[in-house]
Amino acid sequence: MLLRLLPGDPANALISVGADEAQIAAARRQVGSDLPLAQQFLHFITSLARFDLGTSFVSRTSVLDEIMARLAVTVPLTLLSFLLAILIAAPLGIIAAVKANRWYGAAISVISQLGIAIPVFWVGILLVTVFAVNLRLFPSGGFPPQGWSAPFEALRALFLPIVTIAIVMSASLLRYVRSATQDVLGSDYLRTARAMGSGFGEALVRHGIRNGAVPVVSILGIELATTLLGAVVVERVFALPGLGSMLLLAIEQRDYPNIQGVLFISTLLVLLIGFLADLAQRLIDPRLRERSGDRP
Amino acid sequence: MTDLVDLQAPAPARRTPRSLTLSVGLVLVGLHLFVALLTLFWTPYDPTAMTGGRLEPPSWAHWAGTDRLGRDLFTQIMIGSRIALTVGAGAVAIAAAIGVTLGVLAAFATRTLDDVLAATFDILIAFPTLLLAMLVVAATDTASLFSAILALGIAISAIVARLTRILAKRVLAMDYITAARTAGSSWPSIVFRHVLPNIWPTLSVNFALQFGIAIIAEASLSYLGLGAPPPNASWGRLLQEAQGTVYTAPFGAVAPGIALVSLVIGMNLLADGLRDVGDPTRRRSR
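Residue numbers (the numbering used here), protein chains in the order written: chain A, 15 to 310; chain B, -9 to 276.
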């Protein structure tokens, strides 16, 4: 909302270079930038309450409709890469902690160190080079115009982007899984369980995973939100019509209703993810449920 | 600095000697620093001149090949080191100035002001650095190297501010602060004589980490076309151009990425090494 304070009149997006004063005034009236800022803000808040995000300055279409269409790309992209990242990071992170003294435990740690230093778009470009240019297995970018009514083509288009995000995401997740596992390994309850006769693997599975998962889940929430908002780069690499590319285009065109709309919806989604992560933590750990009464 | 670690009691059980982490980090960062300084006086070719055929593969004359205008890529990558280090240092300096000031202010402030500031930091941190930087870039009318540095500095400052606030509060709860207050020390003297020296080791480690994050974010901004405009050879822009010619000249996407990753890894290792040197309790266990 503060974005309206930025330099550059949004009406500029509507008019051509040689526009005269009357045309400029008409354009300003059309986008409402001739009104005082406070009035613009009030208008924005009241429309927001009706879930009306306005219409785009540039394409003259409903912002909410456009966002919904683009979420159909971004949400599956984010969730599928998230699941893949967990499938990669959870076993590898546990192995890296349990087998820290073996070469492969150390190797996993080194690879994850490498993974957090690699920018996501470079991974994307390299994957395109190998799998789209050389092997021709997947498209190098784009999304089928008919969308999810062509499910096979849609999944094929999303495959490389999903792998790209999952690689980078699992590298940082792995570190959290590893340190959570290390905490579990040093814990008294695991020693007790083993003293009572359960095998190492059994003790780890029965007591370790539930305890170790609690801090990891809160990290998962943050990572999921970051991926959702950070999809902008991957969407650019693979020319996907998602929420991130909408924001990028809107920033380039100074299309304020679109910028505000994307930020508003992303903030809602981030809050929702935070809430779900909190819920998941309480499901996993009963101690958090009992304490929840005195928490704000 | 490596001697500091070697003088400690022998720790044969450790997988990777900590001094190795620090040394590798110093070597990688030092190499980039050397190249960056070198480009101020000398580069293999004129970075803007056509010195070979278009999109030539790597050769002895052109170690990383040439771009679509026939300019030497290795020269541009070398200059990219300078841009990356400038952006990293500038962004961290701005983030430190804003973040440490606000963090210390919050730690000293009344309950209400502290709550407001802490909540603001938390909200800002929920958004990725890159997204915040994109919005700040959108706010400045023309993209320049400075606007990129400013955007990243502001975006990172929330992280620094939150860390500073937590660390400063911990120091302020110490008995020696109460003693200093009783003895009549003014608050500036407490800040500069007690708080800052105590939180500095942890902060500097975080600065090294943020340096790496700033470099990745700057490359991403440039890749998205929101970074420093063309005369500045940013690695992100080199990669974006390489992607355009990926069918005819796939090699162009390799070298700038390696340069970028080596500097970020160097910074991360440096941060790890510094933390272990600064904090004896972490040296033994991992």
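No lab work stands behind these hints: they were computed from the structure. Do not rely on the hints blindly, as some may be mistaken.
What the hints assert, rightly or not - Residues of chain A clear of chain B, computed beta-carbon distances all greater than 12 Å:
id, residue
1, Val137
2, Leu151
3, Thr240
4, Val247
5, Glu266
6, Arg268
7, Ser280
8, Ile287
Claimed, not checked - As a list, the in silico SDA-like pairs of lysine to any residue whose alpha-carbon atoms are at most 25 Å apart:
id, chain 1, residue 1, chain 2, residue 2
9, A, Lys113, B, Ile255
10, A, Lys113, B, Ser9
11, B, Lys159, A, Pro229
12, B, Lys159, B, Ile115
13, A, Lys113, B, Ala79
14, A, Lys113, A, Phe173
Computed from a predicted structure; not experimentally measured. Yeah, the Cβ is synthetic: ideal placement off N, Cα and C, and Gly gets one too.
25 Å Cα cutoff - pair Lys113(A), Ala79(B): violated (38 Å)
25 Å limit on alpha-carbon distance, applied to hinted pair Lys113(A) and Ser9(B): holds (23 Å)
Status of Leu151(A), Cβ more than 12 Å from any chain B Cβ: holds (15 Å)
Hinted pair Lys113(A) and Phe173(A), Cα distance within 25 Å: violated (32 Å)
Beyond 12 Å from each Cβ of chain B, as asserted for Ile287(A): violated (10 Å)
Restraint check for Lys159(B) with Ile115(B), where alpha carbons must lie at most 25 Å apart: Cα-Cα ~19 Å, so holds.
Assertion that Arg268(A) lies outside the chain B interface [Cβ separation over 12 Å]: violated (8 Å)
Least C-beta distance from Val247(A) to chain B larger than 12 Å: Contrary to the label, Val247(A) does not stay out of reach of chain B, its closest Cβ about 5 Å off (not over 12 Å).
Given as non-interface: Val137(A), which should sit over 12 Å from chain B by C-beta: Label violated. Min Cβ-Cβ 9 Å, cutoff 12 Å.
Hinted pair Lys159(B) and Pro229(A), Cα distance within 25 Å: holds (24 Å)
Distal placement of Thr240(A) relative to chain B, Cβ over 12 Å: violated (5 Å)
25 Å limit on alpha-carbon distance, applied to hinted pair Lys113(A) and Ile255(B): Cα-Cα ~24 Å, so holds.
Violated hints, listed in ascending order, are 1, 3, 4, 5, 6, 7, 8, 13, 14; each of the other numbered hints is respected by the structure.
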